[in-house]
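*Asks:* Heads up: the sequence lines are chains A and B, in that order. Heads up: the first sequence begins at 1 in this note's numbering, then just goes up one per residue. Heads up: the second sequence begins at 1 in this note's numbering, then just goes up one per residue.
Hints in this document: simulated from the structure, not taken from any laboratory. From the three backbone atoms N, C-alpha and C, an ideal C-beta is built for every residue, glycine too. No incorrect hints appear here.
Rough simulated footprint, nothing fancy, chain B against chain A, three-plus residues with beta-carbon under 8 angstroms:
| no. | stretch |
| --- | --- |
| 1 | 92-98 |
| 2 | 111-123 |
| 3 | 136-146 |
| 4 | 319-328 |
| 5 | 415-427 |
| 6 | 454-468 |
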Amino acid sequence: MRLLGLIAALALAGPATADVVSSGPASVAVTIYRDDAVPDPAAAHWAGLGLGMITETRDVDLPAGQSRLLLEGVADGALPETAAIEGLPGQIREQTFDYDLLSPGSLIEHSLDRPVELVRLNPKTGARTTEDAVLRSGPDGVVVDAGGKVEALGCSGGIEGIVFHGVPSELTGKTALSTTVRVGQAGRYRIQLAYLAVGLAWKAAYVARLASSGDALDLSGWITLANHSDTSFLAAPTSVVAGRLARQAVNRIEAVLAQRQNACWPMGNSHHPKGEPYYLAEPEPAPPPPPAPPPPMTMAVPAPAMMLSVMADRRMKPRASQSDLGDYKLYSLDKPTTVAARQTKQVLFLHQEAVKFDKVYVFKLVDWLLDGADDAEGRGATTPTLRLENKPEKGLGRALPAGAVSIRQSQDGADRFLGQPDLRDVPVGEPFELEIGQAADVQASWRIVGRTRSKVNGQALQRSTVEATLTNAKTTPVTAEVRMLGSEGSLKVLDETSPHTTKAGDPVWSLTVPAGGEASVTCTVERGD
Amino acid sequence: MIRKALLAGVALAAAGSVCAAPADPPNAGLEVTIYNQNLALVQDVRNLDIAQGRQKLEFKDVSSAIRPETVSLAADGVSIVEQNFDYDLLTPSKLMEKAVGQDVQIVRTNPGNGQEVTETATVLAANEGVVLKIGDRIEVLRDDGVPTRVIFAKVPDNLRARPTLSVTVDSDHAGARPATLSYLTTGLAWRADYVALFDEKAARLDLQGWITLTNQSGTSFEDARTQLVAGNVQMGDSGDGGDDSDQTPDQNAVQAGDEAHTGPGQALGDNYIYTLPERTTIAQNQTKQVSFIDALGVSAHKVYQFNVGGFESAENPASASVVVDFTNSTAGGLGAGLPAGTIRVYQRDEAGDPKFVGENQIGHTPQGSELAVKIGDAFDVTVQPTLVSSDAVSKHRTRYSMSYLIRNARGEPVTVELRQGGLWGRGTTVIKESLPSRRIDASTLGYSVPVAANGETTLTTTVETGW
Numbered sequence: 001m002r003l004l005g006l007i008a009a010l011a012l013a014g015p016a017t018a019d020v021v022s023s024g025p026a027s028v029a030v031t032i033y034r035d036d037a038v039p040d041p042a043a044a045h046w047a048g049l050g051l052g053m054i055t056e057t058r059d060v061d062l063p064a065g066q067s068r069l070l071l072e073g074v075a076d077g078a079l080p081e082t083a084a085i086e087g088l089p090g091q092i093r094e095q096t097f098d099y100d101l102l103s104p105g106s107l108i109e110h111s112l113d114r115p116v117e118l119v120r121l122n123p124k125t126g127a128r129t130t131e132d133a134v135l136r137s138g139p140d141g142v143v144v145d146a147g148g149k150v151e152a153l154g155c156s157g158g159i160e161g162i163v164f165h166g167v168p169s170e171l172t173g174k175t176a177l178s179t180t181v182r183v184g185q186a187g188r189y190r191i192q193l194a195y196l197a198v199g200l201a202w203k204a205a206y207v208a209r210l211a212s213s214g215d216a217l218d219l220s221g222w223i224t225l226a227n228h229s230d231t232s233f234l235a236a237p238t239s240v241v242a243g244r245l246a247r248q249a250v251n252r253i254e255a256v257l258a259q260r261q262n263a264c265w266p267m268g269n270s271h272h273p274k275g276e277p278y279y280l281a282e283p284e285p286a287p288p289p290p291p292a293p294p295p296p297m298t299m300a301v302p303a304p305a306m307m308l309s310v311m312a313d314r315r316m317k318p319r320a321s322q323s324d325l326g327d328y329k330l331y332s333l334d335k336p337t338t339v340a341a342r343q344t345k346q347v348l349f350l351h352q353e354a355v356k357f358d359k360v361y362v363f364k365l366v367d368w369l370l371d372g373a374d375d376a377e378g379r380g381a382t383t384p385t386l387r388l389e390n391k392p393e394k395g396l397g398r399a400l401p402a403g404a405v406s407i408r409q410s411q412d413g414a415d416r417f418l419g420q421p422d423l424r425d426v427p428v429g430e431p432f433e434l435e436i437g438q439a440a441d442v443q444a445s446w447r448i449v450g451r452t453r454s455k456v457n458g459q460a461l462q463r464s465t466v467e468a469t470l471t472n473a474k475t476t477p478v479t480a481e482v483r484m485l486g487s488e489g490s491l492k493v494l495d496e497t498s499p500h501t502t503k504a505g506d507p508v509w510s511l512t513v514p515a516g517g518e519a520s521v522t523c524t525v526e527r528g529d
Numbered sequence: 001m002i003r004k005a006l007l008a009g010v011a012l013a014a015a016g017s018v019c020a021a022p023a024d025p026p027n028a029g030l031e032v033t034i035y036n037q038n039l040a041l042v043q044d045v046r047n048l049d050i051a052q053g054r055q056k057l058e059f060k061d062v063s064s065a066i067r068p069e070t071v072s073l074a075a076d077g078v079s080i081v082e083q084n085f086d087y088d089l090l091t092p093s094k095l096m097e098k099a100v101g102q103d104v105q106i107v108r109t110n111p112g113n114g115q116e117v118t119e120t121a122t123v124l125a126a127n128e129g130v131v132l133k134i135g136d137r138i139e140v141l142r143d144d145g146v147p148t149r150v151i152f153a154k155v156p157d158n159l160r161a162r163p164t165l166s167v168t169v170d171s172d173h174a175g176a177r178p179a180t181l182s183y184l185t186t187g188l189a190w191r192a193d194y195v196a197l198f199d200e201k202a203a204r205l206d207l208q209g210w211i212t213l214t215n216q217s218g219t220s221f222e223d224a225r226t227q228l229v230a231g232n233v234q235m236g237d238s239g240d241g242g243d244d245s246d247q248t249p250d251q252n253a254v255q256a257g258d259e260a261h262t263g264p265g266q267a268l269g270d271n272y273i274y275t276l277p278e279r280t281t282i283a284q285n286q287t288k289q290v291s292f293i294d295a296l297g298v299s300a301h302k303v304y305q306f307n308v309g310g311f312e313s314a315e316n317p318a319s320a321s322v323v324v325d326f327t328n329s330t331a332g333g334l335g336a337g338l339p340a341g342t343i344r345v346y347q348r349d350e351a352g353d354p355k356f357v358g359e360n361q362i363g364h365t366p367q368g369s370e371l372a373v374k375i376g377d378a379f380d381v382t383v384q385p386t387l388v389s390s391d392a393v394s395k396h397r398t399r400y401s402m403s404y405l406i407r408n409a410r411g412e413p414v415t416v417e418l419r420q421g422g423l424w425g426r427g428t429t430v431i432k433e434s435l436p437s438r439r440i441d442a443s444t445l446g447y448s449v450p451v452a453a454n455g456e457t458t459l460t461t462t463v464e465t466g467w
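So that you can see chain A by itself, here it is in the shape it has in the complex (with noise of 0.2 angstroms):
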């Protein structure tokens, strides 16, 4: 069927089909996609995570009526079945994506049956000889028939190997895209081709400064992106989308490679019994081993593994705009950029001064602790938490893509790290909170004063009096807040020494704390024993 194939690809091989190759894009944009597989782009191993689409712009000269057009070098992580291309007069009804590369051993496989040339170097005198003949199995292990003399290829030990008359017309060197295109009138035509492509993510950091005073800070917003792939973007148009999308898991498929492997007869002798090969001579060259995939050719600098290139300056000018993309947020960055083979790269989006918070030290006091006994009580340490509104009003109102927040305060003229907590996506209009770690300073601790039981229609109940003291070594007074945690809304306050508020559905009782002092809060709660 192969060989029948062949002659009908060679009757149909005339004038009516030609083949027109594009080998690169003119230009291309790249929109890169957040994924929650990729926590850190800037890390080393997320290969075939993340996601990207690609638009590209190529000119292509087509002759008049039909032929095949291959779009060459595609992102190397490209997903095929989402390819789409814009631009040629008519509908597009069949695209195809080759990727039966050309190696050593597919070149074999696919050859077999047809004449090669056999060529043999003698060693002493330099004859060279050549020899017609068919290749009639491989790769694994080559036997060749010239015209009744029938030999296994490299095993003779001599100087000895395959010249090819041309590449079956079905190899690719590099994976393509092609379809089938027919057009009134030739002529150059401008095409876009989009596609999803793996290999690419981004992720947004922010640094969060604290001012002096104590009730501000300057936030930036950083766009970190990264290219795992093997193919560079030069000078391309990027943006970034914020949000989250539905997403269905990759299925990308693979060639099956055909690796040519040096199989033999037994090869043992009278000194190596076992079949190791000697040589008199120098040993012959391993086979080849499959090719690997091109270096990048277009960076900039011969840089490492990973490369971090800072696009701001001193005046932290953001360089992204912002516009919606359906429920999304796109980030566009101002200049085209290249984004190359394995490249981190960071950009400022968000530069804001002056953003208002209030500061509060929480003490989270977990319900089951009053399952203890009746004179139960403990210490604990407060969370300090920055209160935010995203409004322009507090020096914000910006949509904020998720990330860690690095959160640092100046002091004594040097930087301190305070800590990392993560940021959810926040739109405009929202609170959002910023925990930071543990104060040494304020401290909280607790104990029960009293306990009664009783039942109430069946339902055993426990009513406990609790009272939390704050105390703040600080030079300055301090806004503290007792919460009582986990109480799925079944706990009633019966007696307060001062009115809580609730918050995601439980009692929060809020204090001021006075600088070297202490301050405390008695409740009494019921809720089911």
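Once you've looked at the hints, dock chain B against the given chain A.
*Replies:* Okay, now just chain B, sitting in the frame of chain A:
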């Protein structure tokens, strides 16, 4: 020149095989029916010149992933004696093994002066090493390390470069006649991929459907009529595929009209079958996409959804889901059965360029069905539920008061479809609610919550449930 060389190769190859099938006449052909689960039925009609009596017919280049037990050959006046799938492959060591006891030529190149000496040798053994008898001398091949070529007279008959199917038949007359070879193979697969360009403002989407074929069977299928079966075919662990060949649909029934599209799928039993409009070549290591639906202006609209699983509070607001709803109907702009596949949704950015906004799986969708495709989470529309109180009314009954804060940071009003799950079926009473609810199912209440542009809405409810 290449053409000449290739034809020479064909002639050589034909001379080597036992019985080569002659060229196909124009009306004969290859037909491939691909099922969803990595399985295909191949039907290969060839014009075979069959002699009278018993003979062996050889079929090279059937799929190497063939399931040989499913092979059947049918031709007029021909009965099958036996069929074999030979995978005794031609390798250098097989070549040497088969030469044991036979004469070969050996060619030695003298490393000192480069002279070649040819001798005839008998292969005595090929165990661990090759032992030769040259005249009266017994030698181990290349024992002296001198480069030595071994020349065999021919390739043994039953060694082949690729697995080969051979069928021994008995024919009651001689002559050329069409013969149908059919078999099941793995390595061929198909799925549907949809591209939807969604225009939210115009409430419509353009839907393009592609059949994506992949071939890793080891063989290319040239110029094949291709049919695709949607739905699952009952399959045992192995070898029960024989019945499937009888399921081959009547081709004329499917080839209705002269449509450019494959058009609506035709029912095949409980499955749907799609026929590609033109013969196509499915090459090995190739992914091929064929357009089968191109519908412009399908009416569609966007819905925000948020599901609350039980009665509990959330510490932080969470994004509502963005769902695109459309109907697979003629009125909606569609109307064909849609095979299961991945739908990828694109929307235009403010510069007008289409950008990917999410993908999801759709099942086999008959005509008239409604489709709801979740594309992602809304950045600007969030819901934060709070359990205000829960009171036990009796041993198995609880009264829950919920408060939901729904925020909208978009510059236009939105409606969020909120679902509260966790109800105890019939014994549920809504005590009060700030917006009217509707019962979605036994355990779910639904609310349509309008939220102003850059605004927020608080929905409060009190529900008693239990038994």
